[in-house]
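Peer 1: What follows is each chain in one-letter form.
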Amino acid sequence: IWVALLLDKPKSTMDMLQLGDWTFNADNGYLEGLVRGFKAGILSEADYVNLEQCETLEDVKLHLQSTSYGSFLQNEPSPLNVSTVDDKLKELLVVEFEHMRNQAVQPLSQFLDFVTYSYMIDNIVLLISGTLHGRPASELIANCHPLGSFEQMESVCIATTPADLYNAVLIDTPLAPFFQECVSQQDLDEMNVELIRNTLYKAYLEAFYEFCQELGGRTAEVMGSLLQFEADRRAVIITINSFGTELSKDDRAKLYPRCGKLHPDGLARLARADEYESVRVASEAYGEYRPLFEGVGTNPGDKTLEDKFFEHEVALNKDAFLQQFQFGVFFAYIKLKEQEHRNIIWISECVAQRNRSKIKNYVPIF
Amino acid sequence: MSGKDRIAVFPSRAAMTLMKARLKGAQKGHSLLKKKADALMLRFRQILAKIIETKMLMGDVMKEASFSLAEATYSAGDFSLGVLQNVDKAQTKVKSRKDNVAGVSLPIFECVSEGADTFMLTGLSRGGQQVAHCKELFGKAVTLLVELASLQTSFITLDEVIKITNRRVNAIEHVIIPRIERTISYITTELDEREREEFYRLKKIQEKKKKMRDENEAEKARLQALGQRKEARNLLDQDDPDLLF
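Chains as they are written, first to last, in the working numbering: chain A, 1 to 366; chain B, 1 to 245.
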């Protein structure tokens, strides 16, 4: 019936059904089904309202038991504290992701690897700064994010000088291409670790964007919009946060990922910006970003720009699920789970610290 | 109290003068120490009021600071590990100096911030403003903590000194001065008694002398009456007109 319908349809709608759609499910159908199932378990507005009513962390644990989280906190000794909840949530996500990664074949497996690179960047930066300050290796590794672990983690801790680190170790890690592109050996020594992190992330985003465009089809479309927003958001936030610091405009411009909608004009204007107004003007020139700047303020009760960005990110991620047969659902699922994680931790902190004034500051997803 | 003791001293007028001088000295010392104790007490109460105020403030500030940490972690992710790894030199240092109150030297701690802010770029790509806000609040908390620390050390030191001073004041008031007074009264009584003894002795001697003179007179009269003056002529006794005096 599919084929018959296909042959009858006029040419314009043929474009909507692409060749990849037919073969997608052979390799990736199980995982797409799985991830959509996971997505259905994401907490709803009603769940969040229930969580807001909690008085103690024990209540939170009780409410979470009736959601898809089940009894993940069952074996924790009381009194419960927020960092335990945090760790357990992370563990759950890691288990889900590992399962998906283990079942994936190319090119989905490489796509999922790209998703882990952002965590790897954080881990590597942590390891580098820890090693250069002489912290013990076991401590550093224990603090790394499990989704970003890679085999050469221990060898990063063995290197003693930045030279060693650069020549011997980083070359072997999966992040080697990002290092080669932008960070030289001197930079490792002198650059502030935050700058290293942001330079790596820029290279990563651009590489990921390229990869998705190569995959083509719907993946390119969906991931394109997601990654473009991420790039633009980083550019705007870096600009705003660099006012009043020692970061020069040139250095700042080097941190802007070039795969977003703001490239090249918006980025050029951002690079020259000196205060919040110029940033706002530069970004409002792009229609989708204008509503994000409205209603932003620093008064209590106002949303900050970051909050608006989080909301927009959630909206874009939800849209990713509207299309079938593309890899964007995996990326979107991870990001939505992270946002949910942040929401739960935020509510738990408000409950634990008995400060309910800002408990509504989370971003509801569904 | 340990008995009705007094200082062992030989009761003489010199000792009396000495004791009186000592009493005066003790009384002056007592009033000076009392003034010191009062000044210290005043400062003590001021510090106590300030400590209470600061502790209440500290509760609020810490609450705000931990909430801002939660906010910053929400926006920026878990930046605490990165911060902990990158610490090398202390940016905020505590300097101590001495403050003198009525002779007591109290340590005062001051918070000094030096060096550039190594963590200015933390949260550059996300949550930077919340991280900066968090930094500010915790900085305030640290300053407040240092203040509280110096108040508490002053409190404890002052407490010690006040106890010592009060002990001394009481000792002078209830032990030293009564002892000196008792010594003085003992000396006075001894001196009086001696005078009385002296007086009595003199009186007795006079009586005795008088008695002896009376007896002598009586004897002389008797012998004269008997007409036998067997005694030598007393050159001094005659009324010789030739003597000019």
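Careful: at least some of the hints might be erroneous.
What the hints assert, rightly or not - The calculated label-pair distances, taken between Cβ atoms and stated as ranges, are: (1) A90/B to N102/A: 44 to 52 Å; (2) T23/A to M62/B: 34 to 42 Å; (3) M62/B to E98/A: 34 to 42 Å.
Think of the hints as simulated: they come from the structure by calculation, not from any bench. Using N, Cα and C, we set each Cβ at its ideal position, and we do this for glycine too.
Peer 1: Looking back at the hints listed earlier, which ones does the structure fail to meet?
Peer 2: Per hint list: single violation, 2.
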